[in-house]
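2 protein chains.
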Amino acid sequence: MQIAILLYDRFTALDAIGPYEILSRLSGAEVVFAAEQPGPVRADTGMLAVTADAALADLPHPGIVLVPGGPGQEGRMADGPVHEWLRKADAASSWTTSVCTGSLILAAAGLLDGRRAASHWLALDRLRAPGARPAGERVVIDGKYVTAAGVSAGIDMALGLSGRIAGTPAAQAIQLMIEYDPRPPLTAGSPYTAPPDLVTSLRMRSRHPG
Amino acid sequence: MQIAILLYDRFTALDAIGPYEILSRLSGAEVVFAAEQPGPVRADTGMLAVTADAALADLPHPGIVLVPGGPGQEGRMADGPVHEWLRKADAASSWTTSVCTGSLILAAAGLLDGRRAASHWLALDRLRAPGARPAGERVVIDGKYVTAAGVSAGIDMALGLSGRIAGTPAAQAIQLMIEYDPRPPLTAGSPYTAPPDLVTSLRMRSRHPG
Chain A
9 MQIAILLYDR
19 FTALDAIGPY
29 EILSRLSGAE
39 VVFAAEQPGP
49 VRADTGMLAV
59 TADAALADLP
69 HPGIVLVPGG
79 PGQEGRMADG
89 PVHEWLRKAD
99 AASSWTTSVC
109 TGSLILAAAG
119 LLDGRRAASH
129 WLALDRLRAP
139 GARPAGERVV
149 IDGKYVTAAG
159 VSAGIDMALG
169 LSGRIAGTPA
179 AQAIQLMIEY
189 DPRPPLTAGS
199 PYTAPPDLVT
209 SLRMRSRHPG
Chain B
9 MQIAILLYDR
19 FTALDAIGPY
29 EILSRLSGAE
39 VVFAAEQPGP
49 VRADTGMLAV
59 TADAALADLP
69 HPGIVLVPGG
79 PGQEGRMADG
89 PVHEWLRKAD
99 AASSWTTSVC
109 TGSLILAAAG
119 LLDGRRAASH
129 WLALDRLRAP
139 GARPAGERVV
149 IDGKYVTAAG
159 VSAGIDMALG
169 LSGRIAGTPA
179 AQAIQLMIEY
189 DPRPPLTAGS
199 PYTAPPDLVT
209 SLRMRSRHPG
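The listed protein sequences derive, respectively, from chains A and B. Just add 8 to wherever you are in the first sequence, counting from 1, and you've got my numbering. Just add 8 to wherever you are in the second sequence, counting from 1, and you've got my numbering.
Source of the hints: derived by calculation from the structure; they are not laboratory data. Cβ coordinates follow ideal geometry from the N, Cα and C atoms, glycine included. Errors might be hidden in some of the hints.
When the alpha-carbon atoms are kept at most 25 Å apart in a straight line, the in silico SDA-like pairs for lysine to any residue are as follows [to be verified]: (1) A:152 / B:65; (2) A:96 / B:55; (3) B:152 / A:194; (4) B:152 / A:134; (5) A:152 / B:192; (6) A:152 / B:152; (7) B:152 / B:65; (8) A:152 / B:193; (9) B:152 / A:191; (10) B:152 / A:96; (11) B:152 / A:210.
Far from chain A by the CB rule (all over 12 Å, computed), these chain B residues [claimed, not checked]: (12) 83; (13) 118; (14) 146; (15) 215.
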């Protein structure tokens with residue numbers, strides 16, 4: 009099972025690496041990080057580069073497609089080589105997936121028409137224009153389309169997907185090996201649990217960035 | 009505040025990238041991935057490379073030192089340039105931290121003598137020989153030494169550390185931006201919650217690898 013993870017300039021690293029850490033442990037899985045051109049791709053903070061080992065053109069038929077989010081997503085909303093690759097890869101994939109604002113790229117490529125989809129809580133509304141149906145859930149499964157909420161939600165998404173692909177015992181073994189028994193020391197991880205003032209202030213900032 | 013994350017061949021990617029995703033969002037933080045030599049460093053699966061932007065020698069005095077774990081840790085147990093760098097960096101650091109079996113490297117470098125420390129649940133016993141006191145907890149704070157359990161525990165560690173460094177509201181804002189409201193679809197994340205047969209089988213496998 010080949011798993012293609014799309015990289016692009018200013019992606020959010022954990023969106024990609026969280027699911028990678030789980031899916032790469034599936035028996036027989038081959039994860040390939042791919043970008044328009046092979047080589048190092050810098051994440052949104054500028055402080056980290058991950059190598060794209062393949063060009064998109066080298067991976068015409070991955071079994072799983074995974075699209076991370078990140079501020080660089082805005083440069084991937086117009087049609088072009090990434091959309092073309094996504095459509096071709098999706099035509100043969102078993103699962104087409106995204107984390108965070110990666111769902112905006114899938115939607116812009118025309119792959120989420122009429123489908124329920126998750127995204128970062130600050131970006132959910134932006135799923136509507138390209139034809140998807142925003143769902144404020146951590147992981148949304150609609151047919152073979154699996155979309156996760158912001159950043160860290162990709163870990164839950166990948167673990168659930170692993171269970172569907174390889175069975176519960178295999179997914180449990182992966183969960184135990186990465187000790188995924190989360191104990192957040194704070195309880196501000198969703199707009200429903202965070203202090204309302206913080207939610208409001210981040211909403212304002214996202215509408216008027218910079 | 010400069011945060012140096014050590015890379016070495018066959019590190020576990022999420023050990024490094026989980027904390028990076030949180031600590032890089034602290035105001036004024038500069039995360040630098042560093043290895044003995046700059047350049048791409050391949051993770052334990054062979055399927056991912058992260059760029060070391062600096063050589064260890066370029067970072068004599070980071071404010072935070074972070075050591076990820078991974079199978080490649082076994083090549084870092086003998087004294088050498090990594091241990092020398094760790095001891096020098098630790099002499100001036102505000103926090104010296106590790107994720108997973110990264111604590112075995114810290115211990116081998118002589119930095120955890122007599123200190124309580126966490127590690128991957130399968131590696132805890134190996135902390136004893138180099139003089140640390142194994143603690144089966146998700147995150148252990150002993151003075152300025154902060155050690156996390158396996159792989160995903162680095163996320164909880166970094167969020168807690170962010171609260172101590174920048175205050176609770178700043179850490180809450182980071183938690184909300186990465187939507188860290190974990191919902192594991194399975195409950196096998198620790199040896200206390202996983203099916204006992206699975207725990208036994210992974211223990212056997214780790215004692216007789218390959």
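Here is what the structure says about each hint:
1. A:152 / B:65: Cα-Cα ~48 Å, so violated.
2. A:96 / B:55: holds (23 Å)
3. B:152 / A:194: holds (20 Å)
4. B:152 / A:134: violated (43 Å)
5. A:152 / B:192: holds (20 Å)
6. A:152 / B:152: Cα-Cα ~47 Å, so violated.
7. B:152 / B:65: holds (22 Å)
8. A:152 / B:193: At roughly 18 Å apart (the allowed maximum being 25 Å), residue 193 of chain B and residue 152 of chain A satisfy the hint.
9. B:152 / A:191: holds (21 Å)
10. B:152 / A:96: violated (51 Å)
11. B:152 / A:210: Status violated; Cα separation ~32 Å.
12. 83: holds (20 Å)
13. 118: At about 26 Å from chain A, residue 118 of chain B clears the 12 Å cut-off, so the statement holds.
14. 146: violated (5 Å)
15. 215: holds (15 Å)
Of the numbered hints listed earlier, those contradicted by the structure are 1, 4, 6, 10, 11 and 14.
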